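**Student:** Could you put the whole structure together from the sequences, leaning on the hints where they help?
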Amino acid sequence: MTSHRHPDDPHGGEESCGGLDRREFLRQTGLVTMAGVAALSCGCTPAFIEDLLRTRFTRLSPRKLDAVLRGLEADYATRYGRAVSVKATPALDGVEFGYGLDLSRCIGCRRCVYACVHENNQSRDPQIQWIQVLSMDRQRGISLEHADHYYDPQQVPEADRFYIPIACQQCRNPSCVRACPVKATWQEPDGIVVIDYDWCIGCRCCMAACPYGARHFNWAEPAIPTAELNPDTHYLGNRPRPKGVVEKCTFCIHHTREGRYPACVEICPVGARKFGNLLDEESEIRYLMREKQVFVLKEELNTRPRFYYFYAT
Amino acid sequence: MASHEHGETGHDAHSLLPRSSSLVIMLVVFTLLSLLILFAIISGGSYETEGEEGGKAAYGPADFPQIAWDIPPVPPPPAGDIAAFTLPPPPFSDPDLFPCSGCHADMEPDRTPRALTDFHEEIQLHHGPADRWCFDCHDPDDRDHLRLTNGTKIGFDESYRLCGQCHGTIYRDWRQGIHGRRRGFWNGPKSYLLCAHCHDPHAAVRGPRAAAPQGAAPVPAS
Amino acid sequence: MRRNLWRDTWQFVGGVARLAFTGSGWYLAWLGLLGLLILSGLFAYVQQYRGGLIMTNMRDQVSWAFYIGNFTFLVGVAAAAVLLVIPAYVYNWKPIKEIAIFGELLAVSAIIMSLLFVAVDIGRPDRAWHLLPLLGSLNLPSSLLAWDVLVLNGYLLLNIVIVWHFLFTGFHRRPYNKRFVVPLLLFSIPAAVGIHTVTAFVYNGMAARPFWNASILAPKFLASAFCSGPAILLILFQILDRTTQIRIKQEALEKIAELMAYAMFLNLFLFGAEIFKEYYSGTTHLIHTQYLYSGLDGHRSLVPFAWGSLACSVAAFLLFLVPATRRRMVTLNLGCLLIYTGVYIEKGLALVIPGMTPDTLGEIYDYVPTFTEIRVGAGIFAVGFLVFSVLCKAAVPIIQGTHSPAGDRG
Numbered sequence: 001m002t003s004h005r006h007p008d009d010p011h012g013g014e015e016s017c018g019g020l021d022r023r024e025f026l027r028q029t030g031l032v033t034m035a036g037v038a039a040l041s042c043g044c045t046p047a048f049i050e051d052l053l054r055t056r057f058t059r060l061s062p063r064k065l066d067a068v069l070r071g072l073e074a075d076y077a078t079r080y081g082r083a084v085s086v087k088a089t090p091a092l093d094g095v096e097f098g099y100g101l102d103l104s105r106c107i108g109c110r111r112c113v114y115a116c117v118h119e120n121n122q123s124r125d126p127q128i129q130w131i132q133v134l135s136m137d138r139q140r141g142i143s144l145e146h147a148d149h150y151y152d153p154q155q156v157p158e159a160d161r162f163y164i165p166i167a168c169q170q171c172r173n174p175s176c177v178r179a180c181p182v183k184a185t186w187q188e189p190d191g192i193v194v195i196d197y198d199w200c201i202g203c204r205c206c207m208a209a210c211p212y213g214a215r216h217f218n219w220a221e222p223a224i225p226t227a228e229l230n231p232d233t234h235y236l237g238n239r240p241r242p243k244g245v246v247e248k249c250t251f252c253i254h255h256t257r258e259g260r261y262p263a264c265v266e267i268c269p270v271g272a273r274k275f276g277n278l279l280d281e282e283s284e285i286r287y288l289m290r291e292k293q294v295f296v297l298k299e300e301l302n303t304r305p306r307f308y309y310f311y312a313t
Numbered sequence: 001m002a003s004h005e006h007g008e009t010g011h012d013a014h015s016l017l018p019r020s021s022s023l024v025i026m027l028v029v030f031t032l033l034s035l036l037i038l039f040a041i042i043s044g045g046s047y048e049t050e051g052e053e054g055g056k057a058a059y060g061p062a063d064f065p066q067i068a069w070d071i072p073p074v075p076p077p078p079a080g081d082i083a084a085f086t087l088p089p090p091p092f093s094d095p096d097l098f099p100c101s102g103c104h105a106d107m108e109p110d111r112t113p114r115a116l117t118d119f120h121e122e123i124q125l126h127h128g129p130a131d132r133w134c135f136d137c138h139d140p141d142d143r144d145h146l147r148l149t150n151g152t153k154i155g156f157d158e159s160y161r162l163c164g165q166c167h168g169t170i171y172r173d174w175r176q177g178i179h180g181r182r183r184g185f186w187n188g189p190k191s192y193l194l195c196a197h198c199h200d201p202h203a204a205v206r207g208p209r210a211a212a213p214q215g216a217a218p219v220p221a222s
Numbered sequence: 001m002r003r004n005l006w007r008d009t010w011q012f013v014g015g016v017a018r019l020a021f022t023g024s025g026w027y028l029a030w031l032g033l034l035g036l037l038i039l040s041g042l043f044a045y046v047q048q049y050r051g052g053l054i055m056t057n058m059r060d061q062v063s064w065a066f067y068i069g070n071f072t073f074l075v076g077v078a079a080a081a082v083l084l085v086i087p088a089y090v091y092n093w094k095p096i097k098e099i100a101i102f103g104e105l106l107a108v109s110a111i112i113m114s115l116l117f118v119a120v121d122i123g124r125p126d127r128a129w130h131l132l133p134l135l136g137s138l139n140l141p142s143s144l145l146a147w148d149v150l151v152l153n154g155y156l157l158l159n160i161v162i163v164w165h166f167l168f169t170g171f172h173r174r175p176y177n178k179r180f181v182v183p184l185l186l187f188s189i190p191a192a193v194g195i196h197t198v199t200a201f202v203y204n205g206m207a208a209r210p211f212w213n214a215s216i217l218a219p220k221f222l223a224s225a226f227c228s229g230p231a232i233l234l235i236l237f238q239i240l241d242r243t244t245q246i247r248i249k250q251e252a253l254e255k256i257a258e259l260m261a262y263a264m265f266l267n268l269f270l271f272g273a274e275i276f277k278e279y280y281s282g283t284t285h286l287i288h289t290q291y292l293y294s295g296l297d298g299h300r301s302l303v304p305f306a307w308g309s310l311a312c313s314v315a316a317f318l319l320f321l322v323p324a325t326r327r328r329m330v331t332l333n334l335g336c337l338l339i340y341t342g343v344y345i346e347k348g349l350a351l352v353i354p355g356m357t358p359d360t361l362g363e364i365y366d367y368v369p370t371f372t373e374i375r376v377g378a379g380i381f382a383v384g385f386l387v388f389s390v391l392c393k394a395a396v397p398i399i400q401g402t403h404s405p406a407g408d409r410g
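Line by line, the protein sequences are chains A, B and C.
Just so we're aligned, residue 1 is where the first sequence starts under this note's numbering, counting upward by one.
Just so we're aligned, residue 1 is where the second sequence starts under this note's numbering, counting upward by one.
Just so we're aligned, residue 1 is where the third sequence starts under this note's numbering, counting upward by one.
No lab work stands behind these hints, which were simulated from the structure alone.
One thing to keep in mind: the hints can contain errors.
[Stated by the list, open to error] Ranges of calculated distance between the beta carbons of each label pair, as one might list FRET restraints:
| id | chain 1 | residue 1 | chain 2 | residue 2 | range |
| --- | --- | --- | --- | --- | --- |
| 1 | A | GLY71 | C | HIS285 | 45 to 55 Å |
| 2 | A | ASP160 | B | HIS202 | 24 to 34 Å |
| 3 | C | ALA29 | A | ARG70 | 49 to 59 Å |
| 4 | A | GLU291 | B | PHE119 | 40 to 50 Å |
None of these values were measured; they are calculated from a predicted model.
We treat Cβ as the ideally placed atom computed from N, Cα and C, and that holds for glycine.
**Tutor:** Here's what the structure looks like:
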């Protein structure tokens, strides 16, 4: 009955909302016994049952998707005590994102690491950092085996060292997507490899398959102080994640799909980070691919990253 | 029903069971193996990765109050104009300092290269050749402007044209957004910085700066 | 016969349960011990479920470890059932045919254990149903783990059907249906090779991990599986010989031992080939093998295990190779124990962990399992032993025909 109404019709919207609530209510009451039994054994809540009955993101109808987003917002509002918006902005037409990082400029200050944590609601403890900055010996060149992951000088750059920040390379041929047994991770039309945190089973096959150490697992319930929570979130991006699922860089999908630069690009004090549309001849990324010598990490694995390193000078 | 026949055959004369001596040997081997494994676990435990001494296990952005993580976003594009660029005011735009003519208007320019002693003595020129001098860039007759080598006067907000006279490739990269920091919209208005926002024109090479600390190294629980 | 099927099944289930849970004090005590281990594992798992996998020592750097290692080892044990089925049914060789059924029982228990190890390893067990065909969203054909889920469950089903048929017909003292069961048995041979190959391919297919990304991996998996599975069976047959009416011929044991010697030789040869390639070419990929055998920068927690495993394998190979030591029960058992230990370390620790250390960005994280992991692992092994004990306990009298079918009770 409601399906005949125009989605913009306020009355129709209200009624369908009401119908949803009733259905939700019935589902909850129907499962309350199961939830009770489950709660006794493993401390579960009705949310556990709700999680059980979820649908994969790519299979959600626009209406169901909206209900899911509103449900998440309500859930986060109660959990963090403040308003959080969850959107699902789709990919822009004619856009394929690419990233450039100027190794001749990077000074290893790790501003990007913490800006990313701040922007993307990464767990503070246990610590998750999507960007890892590796310090390398200038004599050796790029040798991951001899990189220092925990360099800690007072000031950077250090003499005889150079730095490589590494996050998800947004491969065109992503081995993680191939490895996932349940299609919980996939490549979007704009090239961003995303994860449905509500479908991932946490088998960590993708982490074993990723050559860049870009995927991170929520080993415990992620902890983000309420005051530090970024309330502008995307379903496939920086919304607070549940325990036991994998997460990774999404090129700040909540920003970039609205035309803005990712947080790491904005914070980088030396302007080493470049971002743009690979399909646009005039974009910064295409310019640097044309004019500079770019390279990708582990090119022999044929993952074909959209993340290019280059030396501007 | 082949399975039934075998069970009916009698017990062979020789026992297939390990005698007590064999059991002792097995026990000894098993104990030795267990000891080896135990030793390995204990010695393995002593090679744990050390966490940061006396420090926090995990840092977050909140540990660096001096850094503004919430950068005010560049305003969204004005309708139609996606190529809009914005620019923060050039350095020293403070009304106390600029316009320069506030002080210099009444002064006779002294065109002899010399070490400054009375004023601006903090400026030590470390930029290019040793004979570099103020009026290579500043216009001696109009201190509110800079001057290109061909004599063209430019404002301080166009200083990049001056820099670009020597640093041509970097100037080109900067115009394309490859050199230097840009903010805003990858497909719309951007805010950019002038050369002088990052590089002191009088001493252009930047020194090192503070680093944020390393992430928490995982330490296996014992 | 058809009209009695339900009644027969009911009698069979009841009869098996009766056979399985009655026995001597020792047997019940054994079951009790397993029960305690299972309980301890269960409590540890509840802790892990609540707190998250942070209760383990796995981290982003080493994201698969003890659990997945055990899984791999047990898939190998399950595949080993073939070693007994091949000679028994292809060459119709009598002595082994009698006891091949125990191979199938072992396969069932091992697959149950390996599936449990996967279940405890995943971060969201509540979403495990996403792995179900049709209901979930299996990523076929590209995900090897999805294939593994399919073939393991298929193999489990296959073995359950075979075991069920043998025991069911034996229980009712009917001849088994050759036209039904022999094709299944023959199919189980490639299936067993299949499960272990697919499991090997899960690792093998990961170009990100050079330690696993070697084509020798699948053959090596099979070779080591053909050692570890029969080792368990050899010990089991002696226990059966002592505690039941079933008599195992010396000839059968020797034959199995001989096959194991060949398998171990192949295993060691493939190992040597791998070691040669790694050390002679000396690329950056050598770093994983170095971590395993000599340690890196003082990170040496796997080194004693690696050498211990190698020593066990070599010693066992020699024991099984020399006919004199193969025939003596003492040395035969010693060899079994050594093989079991060697292969367990090789598969459980020395495959998964060095593959992940150093990680893809060169970071070294020295993984050692936590007590929680060990307790959960012990609990799962106890489940497997329980299943195996109970099945064997019921199967022995049925195979011998010394049981009383329920229908005879009057």
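**Student:** Work down the list of hints and note, for each, if the structure agrees.
**Tutor:** Hint by hint, here is what the structure shows:
Hint check: A/GLY71 to C/HIS285, Cβ distance near 47 Å, so the stated range 45 to 55 Å holds. Take A/ASP160 and B/HIS202: their Cβ atoms lie about 28 Å apart, and the range 24 to 34 Å holds. At about 58 Å, the CB distance of C/ALA29 to A/ARG70 agrees with the hint of 49 to 59 Å. Judged by the Cβ atoms, the range 40 to 50 Å given for A/GLU291 and B/PHE119 holds: they are separated by roughly 43 Å.
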